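Taken in order, these protein sequences are the chains called C and Z. If you count by the numbering used here, then the first sequence holds residues 497 to 824, one letter each, in order. If you count by the numbering used here, then the second sequence holds residues 497 to 824, one letter each, in order.
If you're looking for bench data, these hints aren't it; they were derived computationally from the structure. Treat the hints with caution; some may be incorrect.
Identical copies look the same in the list; a pair holds intra-copy or inter-copy alike.
For lysine-lysine, the following DSS-like pairs were computed, each having C-alpha atoms within a straight-line distance of at most 30 Å [unchecked claim]:
1. 763 / 741
2. 685 / 663
3. 663 / 741
4. 611 / 816
5. 524 / 689
6. 741 / 752
7. 816 / 547
8. 614 / 759
9. 752 / 536
10. 536 / 692
Since we're looking at a predicted model, the values are computed, not measured.
Residue strings, one per chain:
Protein chains: 2
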Amino acid sequence: MRIAIDAMGGDFGPQPIIEGVVEALKQKDFIAYLVGDENKIKPLVPQNLLKKVRFINSEDVIGMHENATDAVKRKESTIYKSIELLKEKQVDAVVSAGHSGATMSLATLRLGRIKGIKRPAIVTFMPNIKRSYTLVLDVGANVDCDANNLYQFALMGEVYAKVVLNKEAPKIGLLSNGEEDSKGNSVTKETFKLCKAHCDSFIGNVEGGDIFKGEVDVVVCDGFVGNIVLKTSEGVAETISTLIKQEIYSSGIFQKIGALLLKPVFKGLKKATDYAEYGGAPLLGVNGCVIISHGKSNSKAIKNAIFQAIKYVENDVTKKIENSLKVH
Amino acid sequence: MRIAIDAMGGDFGPQPIIEGVVEALKQKDFIAYLVGDENKIKPLVPQNLLKKVRFINSEDVIGMHENATDAVKRKESTIYKSIELLKEKQVDAVVSAGHSGATMSLATLRLGRIKGIKRPAIVTFMPNIKRSYTLVLDVGANVDCDANNLYQFALMGEVYAKVVLNKEAPKIGLLSNGEEDSKGNSVTKETFKLCKAHCDSFIGNVEGGDIFKGEVDVVVCDGFVGNIVLKTSEGVAETISTLIKQEIYSSGIFQKIGALLLKPVFKGLKKATDYAEYGGAPLLGVNGCVIISHGKSNSKAIKNAIFQAIKYVENDVTKKIENSLKVH
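Take the sequences, apply the hints, and build the full model.
Below you can see the structure in the form of structure tokens.
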């Protein structure tokens, strides 16, 4: 297994990325193709691991606030070169914590879509009350979707849930404004019919709150709604955390002691909802495995993104998605 | 001021509703028109308040799980009679904790829309980090909206924010998948142009997380997205609360002591996010003041819903909405 990693694109430079790669190399067998400024990244790799690492030199990093539209012209950039390695089949997967828009558009343009797939979709992992994850897609790639797009997201989500959640028959839900069959907007009502007719695992409409209950494994929506769900969830969690801190700050000594005693509890909560536990969001529907990680990823996130890539490739998700289209 | 209250429609029967009315009557000067089974509700009203109460007998209650489409035929129901009192100008406002779909459709059909308004919208109050509220509309009435519908929601939201948030120039944001001007789906991009051109208080696109930051006063979206935002927010808050309880339950004695000491903190948090603090969501855009409360409303929620109705009427929100259309 060969995995290309954009070693420079993250918000914090190469350090946490290389640390994550090193951790991953200690636990799994693969060759890491580190794309970046060799002078900067080589010193970060321990001597004894150098035989498992290839360096692809690139000094052009697409900045987080640069426009993604130029990405396709910057052929020397770390992201471009990483994707190109995958296109040329020199590697089996790409992990990038760089500019996500650039990664998405380069992956789509340079790798192309899986035969039959109209639109690739980003699938994210939302923590649920069962201490597992609910997959939500699309969360950003497509703002205007038709029913067929959403239906294909359901199929791709099903394939991926089987692999990453280890479920034989993951339950697929369609995000709507109520769980009754009659609910939905004009596009989701049409999608409902397609899923009902062709998707055995379809359990019907689900509501926003169902994402967190662990009774549905895959929640399907367009990228506009998916982004809003993601940002709303983060916003609520942050707000609750801030309000708790404010209350503790303005309360008495006993509450402050209580807060200290409860530290392990909040730590446990943090772990249950920690992004780094899965580390990245795959772009499903392109011809190859591309895992997009947060710019703010720490080493653990990068390590787990690499493990996700390994799982993706070992299970041949790309092929399975193509096959899922034929069955239906 | 005369306010009709559906005294029977809530999930818990007339008791909490009448308690809320009684509390409100003690604090504000108005006449309560209690619509319901007089034999059941009259004994709940203290003797000394009877002069401020009128009883409108009705024994037909539309159940929460009944279909709203029949509501228009059930002319003896508590909701129908309440709305009819408003239509006939025998009261100035309606507060209903009954079947919300029935209330919405009866209000729209029987009262009609404000001249020029294409679609009425439900506006809800989301708690934010500034210990105030962000108004979000629409949260349920309209699943498929065009740009003009959303633009009118912005205008109505602006009018209402001035009244309930006491702000001279409330900030209006358009919910989107990113805050850059270029973000959005085809409908919101069109809405963006309309708001930019005609709405002085428009601050541009906002993200899901911005709802809770208190930097924007009114967030505009269609009812499909609004419902998902609402349910997602509730889901995240419930999940965090459950995870904290699980962690405390499975932790040691010190953590349990810590949790006890922190009780006032969690109480403070609960108050900051308590639905009962505002008590109901108005249906903006119909010809008259209709406040829709949760079926699960307690007496405090009903009291505050009545106070909201009083504010609505005192500030002549209906007229102001009509005028806002003329200005633009």
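Now the hints, each set against the structure:
| no. | hint | in the structure |
| --- | --- | --- |
| 1 | 763 / 741 | both (14 Å within a copy, 13 Å between copies) |
| 2 | 685 / 663 | within (27 Å within a copy, 39 Å between copies) |
| 3 | 663 / 741 | between (38 Å within a copy, 28 Å between copies) |
| 4 | 611 / 816 | within (12 Å within a copy, 55 Å between copies) |
| 5 | 524 / 689 | neither (43 Å within a copy, 52 Å between copies) |
| 6 | 741 / 752 | both (10 Å within a copy, 19 Å between copies) |
| 7 | 816 / 547 | neither (32 Å within a copy, 74 Å between copies) |
| 8 | 614 / 759 | neither (47 Å within a copy, 52 Å between copies) |
| 9 | 752 / 536 | neither (45 Å within a copy, 49 Å between copies) |
| 10 | 536 / 692 | neither (53 Å within a copy, 47 Å between copies) |
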